[in-house]
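S.K.: Each chain, written out:
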Amino acid sequence: MGVCEELAGVRVALTGNESLARGALEAGVAYAASYPGSPTAEVLGTLARVAKMFNLYVEWSVNEKVAMEGAAAASFTGLRSLVVMKADGLNVALDFASALALSGTRGGMVIVVGDDPGAHSSVREEDSRNLCKALHLPIWEPSSVQEAKDMTREAFALSEELKLPVVVRCVTRVCHASGDVELGEIARPERRPQFGRNDRVITFSIQLHARLEQKLSRAAVMAGDSIFNMYTGPDKAARLVIASGPSAMYAREALDMLELAGSVGVLKLGITWPLPETLLLNYLKNASEVVFTEEVEPFVEDNVLALAARHWDELGSIRFYGKRSGHVAGPAGAGIGELNPDLLADSLAKIFNVPRTEQAVLTSQEAEALLGEKMPGRELALCAGCPHRASFWAIRTALELDGREGIVLGDIGCYTLGIARTGYYLLQTMHCMGAGVGIAGGLGKLDRFGFNKPVITVVGDSTFYHAAIPALVNARYNRANFMCVVLDNETTAMTGHQPHPGRQATATGEPADTVYMEEIIRGLNIPYAISDPYNVEDTINAVCDMLQQSGPRVLIMRRTCALAAVKGKQKNRVYVDWDKCIGDACGCGRFCSKVYACPANIWDAEHGKARIDEAVCNGCGVCATLCPQRAIVVERTVE
Amino acid sequence: MSAFVEPLNIIITGVGGQGNVLASQVVSVAAVEAGYRVVVGETFGVSQRGGSVMSHVRISKNKTYGPLIPRGQAGVIAGFEPLETLRVMFNYANPDTVVIMNDRPNYPLGCLLGEDNYPEPARIEDTIRRRVTRLYCLPATELAKEAGSPLAANMVMTGALVGSGLLPFGREYFTRTIEILFKDGVRDLNLTAFELGYRLVAG
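Protein chains in written order, with our numbering: chain A, 1 to 639; chain B, 1 to 203.
With the rest of the complex left out, here is chain A (with noise of 0.2 Å):
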C-alpha cells in the first residue's frame, strides 16, 4: 500500500506530493534534495522514508540553491536527480537555475515548484511559470494526483532527451489533494555515476545561447505529441476552453453545470511553455470563442495570444475571453487569487451568455440572520504552548521596560504570525527568508542620520541556516548596530518538522555532524547569550541587558516547539485551582486568555473563573508562572 507499493497497475490513495515522489521512483531518480516549503514540503520527506528501500540519497539542504547545485552534481554525472522548492525557493535558486539552464544536464532532471494560488501557506501567490520562461525551461503542469505522478515520470525522460532540466509546476490544489493513483513500475536502474577528468560542464560560450533555444525548439515539437495535453468535447469546436492545471477539472464540471459540456470544448494543456504550437493552431482554427482557466497570473493566454497574433491570416477573427478581458476572475479582480468549479461557472455563464442556477446558499448578512448574531471569525494564532508566544511576551515586556520605542523586524516561519495579534503584532517588517538581518543591518547603520531606536529582528532556527548566516557576516564586517533573536524551536516547524543542520539527524535518520548556531556566532566573533523562553522573566531580563550593548548580538531564545515536545508524550496536565483563581476580581484582566491570548486559555463563563482546554493544551506551564494569583497547577511528566 501507498508509494512503495511493488506491483504495478495497482490502485492506492496518495496525496499530490507522494505521487510527485512515486512518479520520480517510477524514473528511477538516485538523487534528491529541498528545503521544506508549503505546498511541496512532504515530497522529500516521503522519498526519505523509501530512500534504503530504493537505495537513493535524499536530503534536507540549507537552501534551494544549494539543493538544486547537489541535484546537478548528480546529474552531470549522469545519474537522474530531483529538487523540490515552493515558488519562493525558486527565486533562491534562480541565478544557479539560469546558469543551469545554459551549461545543460546530464542524466534526466526535474525541477518541481509548488505554486501557491491563493498563498494558503505563503506570503505571496508568486506564478513561478514567468520566471520558467525567462529560464528557458520546459514547463509541465499537473492537473490532478494521478498526473502529478505521470508527469514527473516522463519529465526525467525528456530532461535526458533535451539534456535540460525540466519544471514541474504543481499548485497547492494538487499538491495537497489526495485521490487513488494507479501505479507504474518502480525503476531499478543500475547506473554508475561517472565524472572523468576530461568532463566539463560550463556556461561559458555564447554558443550555449544558441543551442538552448535549439532545445526548446525541439521540445515545443515534442509537446504536441505529448499525453498530457488532452482534449474533450465535440469535433471541431467554436466554443473552446483552454485549461491548464486543475482549472481544467474546475472546467469541466463547471460546464456541466451549465449543462454545456456537449458543445463546449475543453484544450487541457499539460505542458504550457513551450507552447504546443501546431496542436493550438488546430484547435483555434475552428473557434470563434475563447475562454483561458489558468492559475494564477493569464501565462498560457499571454502567450496563446501572441501565438494568434502571428497566424491572424489563418485564424480570423476569435473572441478571447481570460484574465485580460476581466471575465475569469473572482471577488478580488483578474489574475489574483484561485480558481473553482463556481468561479468558473459564474464567468463561462456569462460569456456563453446561458443561465446559471445552483443551489441556494447563504451570504454572510443572511447566515447571520438566520443565526440571529454574529458568526464570530477565527484569526491567524500560534499554537497552544507555542515558545514563540513566551518569546514574544518577553520581547514584547523588555521593550516596554526599556522605554526607547524598540523597532521589531521579522521573517518567514510560524514566527510570522508574530506580525498579528498572537505575537502582540510586535514584528514591523516581513519579506523573505532572511531579509529581516539584512534590513535590521541596514536601520542598524543609520545612527549618523540620527537613527537612534534599538532594533532587534527575529529569526527561527531553520532560517538562521537557510539565509541569516551571510547577512550576520555582513553585520559583522560593517558594524552594524543591532540585536538578532534567534527563535530557536529545534526544527522546521512550520512545514512539519523537518531537521536542519542543527539537528543531530538527517533527512533519512541517519546521524548528522550537527552545526551548532553558536559555533557559527562565535566564528562570526559576535557575542550571543541563550536563554529558554518558558523561563519568561529571565528571558525578559536577557532581553534588557543585551538591548544596552551595541553593535551586532545574538540572543537565541532556545525551547522545542510545543507540537514537537509533546508527540508520543503523555502531556503535562495543566488545570486552574479555582480555589485560587478570584476571577475578574483578580484585577489581571484575564491576564491567561485576554491578554496572554494562548488558545488552551479559556473563560469559564457561569462560574466566572480561567479555565484550561485539555484538549488544546499542550502542557508548557508557562501561564502557571505569569498568573498573578498563582491558580494555576501543572502536572509535569514532560520537561
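Please note: incorrect hints may appear among the correct ones.
With a straight-line cut-off of 25 Å between C-alpha atoms, the simulated DMTMM-like cross-links for lysine to aspartate or glutamate are [to be verified]:
#: 1; chain 1: B; residue 1: K145; chain 2: A; residue 2: E614
#: 2; chain 1: A; residue 1: K609; chain 2: B; residue 2: D116
#: 3; chain 1: A; residue 1: K374; chain 2: B; residue 2: D126
Simulated DEER-style distance windows between Cβ atoms [as the list claims (entries may be wrong)]:
#: 4; chain 1: B; residue 1: A122; chain 2: A; residue 2: D584; range: 47 to 57 Å
#: 5; chain 1: A; residue 1: E606; chain 2: B; residue 2: R176; range: 50 to 60 Å
#: 6; chain 1: B; residue 1: V5; chain 2: A; residue 2: D577; range: 47 to 57 Å
Read the hints as simulated data drawn from the structure, not as lab findings. Every residue gets a Cβ at the ideal spot worked out from N, C-alpha and C, and that includes glycine.
Using the hints provided, position chain B relative to the given structure of chain A.
M.R.: Chain B only, in chain A's frame:
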C-alpha cells in the same frame, strides 16, 4: 446503505489540530480499498493549529473529479467543531445535506479575548436544523476521552460518518484501513473511538 449519488461529496471541517486531515485520509484510503475513485482537497490556514480547516472528499464510481466541491453541493458535512460546522453549512449545504457534528466548542481568539461572542450551542444546533433535515449532534470529544484520549475525536466522528449509512461501502474497509495506518496503542485507541462513534449513530 443509501442509494449512491454520483459523486458523494463529503466535507470534513473543524479546527487545525483536530485531525481532519487524518480523518479524510482514512476515508480516502478506505474508499480506494473498496474500489472507488476518490479525490480529497485540503484547505487549511497558515497556523499549524487553531485555524479553520476543511477537507473536501469526493467519492465516485469511475470518474475523476476536481478537488473542490461546488457551493451548495455537499452530501455530508462532518463538523468536528460547532462554529466551523455552521460556517461550512451556510456555503455548502442544501436541504438534503446530512450534518454530523461534534458538540464541543473550540473558542476562536476573538471569543477568548471577549471581543466576539461564541453562539450558544443550542442556537447553533437550531440554526442547522432550520437548513437541513438530518442532523446528528454527538459528544465526540467526550466519547474520545472515554476511548482514551480527547484527540481521538476525529475517529469518533469518522465512525459516526460510517454509522450514518451514507457511504456506499461498509465499515470493514474502515477498520482495515485503521489497522493498516496506525500501530500499537494508537491503533487500539482509534479502533475503540471509531466503534463508539459508529455505534452511537448506527444504533
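S.K.: What are the numbers of the hints that this structure violates, sorted from low to high?
M.R.: 4 and 5
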